[in-house]
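Number of protein chains: 2
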Amino acid sequence: MSLQIALTKGRLEESAVKMLGSCGYGTEKLQNKGRALVFQDTKKDIRYFLAKANDVITYVEHGVADIGIVGKDTLLEGGHDYYELLDLGIGKCRFILAGLPDHDPLKKVGHLRIGTKYPNVTRTYFRNKGLDPEIIKIDGSVELGPLLNLCDAIVDITETGTTLKENGLIIYDEVCQISARVIVNKASFKLKRDEVMQVIEDLKKAGKTC
Amino acid sequence: MSLQIALTKGRLEESAVKMLGSCGYGTEKLQNKGRALVFQDTKKDIRYFLAKANDVITYVEHGVADIGIVGKDTLLEGGHDYYELLDLGIGKCRFILAGLPDHDPLKKVGHLRIGTKYPNVTRTYFRNKGLDPEIIKIDGSVELGPLLNLCDAIVDITETGTTLKENGLIIYDEVCQISARVIVNKASFKLKRDEVMQVIEDLKKAGKTC
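For the protein sequence lines, the chains are A and B, in the order given.
In short: position in the first sequence from 1, add 31, done, that's the working numbering.
In short: position in the second sequence from 1, add 31, done, that's the working numbering.
Possibly wrong hints are sitting among the right ones.
Because identical chains share one entry, a pair is satisfied inside a single copy or across any pair of copies.
[As the list claims (entries may be wrong)] Calculated cross-link-like contacts (lysine-lysine; reagent style DSSO-like; alpha-carbon spacing at most 27 Å):
{"no.": "1", "residue 1": "Lys40", "residue 2": "Lys83"}
{"no.": "2", "residue 1": "Lys236", "residue 2": "Lys75"}
{"no.": "3", "residue 1": "Lys138", "residue 2": "Lys221"}
{"no.": "4", "residue 1": "Lys196", "residue 2": "Lys160"}
{"no.": "5", "residue 1": "Lys83", "residue 2": "Lys148"}
Quick caveat, the hints were computed from the structure, so don't treat them as lab data.
This structure is a prediction, so every number in the text was calculated from the model and none was measured.
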């Protein structure tokens with residue numbers, strides 16, 4: 032039976048494609064892609080979709096894709112109607128709490144405003160600390176929030192910390208570690224179990240050698 | 032008193048900057064920008080921010096910006112704690128209902144699935160027709176939805192219809208017309224009324240000559 036695999040565009044794309052290639056999948060077209068978003072594997076009966084992280088979850092939940100590769104950050108924020116089967120160990124970064132120097136948000140007295148692309152992750156983090164800040168959803172350039180006094184601090188993902196540093200922000204706490212995960216559609220896990228588990232096993236091996 | 036104006040990055044950016052320039056604002060830096068997102072007007076006491084559409088609303092609602100220029104599509108979808116003062120008549124496009132040929136979603140019998148970046152606009156549109164479809168939030172490449180059988184049809188914005196045509200989709204209905212609007216922070220409208228109204232008047236005149 033043919034398989035459909037959804038890959039996250041952007042940050043995770045290159046390492047996921049490389050990982051698939053290293054364990055015998057025909058992902059050449061994905062490496063030299065133009066504007067196309069749908070690709071046929073050159074060696075196996077697999078079709079790939081490139082999509083935004085949230086859409087990878089949507090594709091898997093609705094059965095458009097049997098398998099999805101997507102960051103734990105996106106999984107933590109929303110969607111849950113899938114099986115999460117493997118931590119690929121690629122695309123590693125972390126959720127952090129950051130703000131301007133001498134403005135530790137965890138020590139602020141009074142109303143606290145946190146800017147983030149991830150309101151659910153942020154709410155959970157502060158709830159575990161017994162805090163209930165105002166959460167301001169920001170779509171882009173979250174790091175500008177404290178500079179523009181839109182918020183006191185931000186919860187965001189960071190890989191190297193460069194963008195934070197460039198904007199004069201410092202890290203006050205680590206919320207959690209994240210990495211790329213393999214998720215599987217619930218029906219596909221029953222109906223295409225052998226094919227799905229073959230991909231999982233291949234990726235597991237590739238992860239050990241990477 | 033100095034003013035802060037938030038402009039929407041992308042589709043609206045060029046025409047909004049041109050419009051401001053045509054009525055005597057010093058927007059040269061905005062025309063030759065690098066990665067910067069904050070700009071000082073070269074003639075007036077105004078600071079500009081370039082932000083994503085949703086963030087323009089957030090900036091205005093939270094008083095980071097006194098004035099925002101943003102598409103009616105984004106205003107219709109969310110946020111409402113501001114005054115909408117002017118239709119700039121630029122960035123014109125329309126919300127449409129589109130799908131594959133011979134698959135009119137309004138005539139479909141049984142479960143109907145609509146893919147969209149704009150769940151609220153979509154819900155309101157169908158509610159007015161007495162319909163209650165499943166709404167599937169898609170973040171990017173909405174036009175792929177019907178091709179991948181993720182949904183039966185989409186509600187999206189289109190300017191020229193080119194992307195729809197390229198994907199073999201046809202328009203079944205027009206949901207509404209949209210264009211760029213000027214929104215104002217409620218407190219700024221009281222505290223900086225003269226400065227705000229001056230910008231509105233300038234833009235109103237520029238709109239007539241454009």
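So, going through the hints one by one against the coordinates:
Proximity of lysine 40 to lysine 83 under the C-alpha cut-off of 27 Å is found in both arrangements, the shortest distances being 6 Å within a copy and 19 Å between copies. When the C-alpha separation of lysine 236 and lysine 75 is checked against a cutoff of 27 Å, the pair qualifies only within one copy, where the shortest distance is 18 Å, while the shortest distance between copies is 62 Å. Taking the shortest alpha-carbon separations for lysine 138 and lysine 221, neither the intra-copy value of 50 Å nor the inter-copy value of 34 Å comes in at or below 27 Å. With identical chains, the CA atoms of lysine 196 and lysine 160 are at most 27 Å apart within one copy only, with a shortest distance of 26 Å there and 52 Å across copies.
In this assembly of identical chains, lysine 83 and lysine 148 lie within 27 Å of each other by CA distance both inside one copy and across copies; the values are 14 Å within and 12 Å between.
When held up to the earlier numbered hints, the structure conflicts with hint 3 and nothing else.
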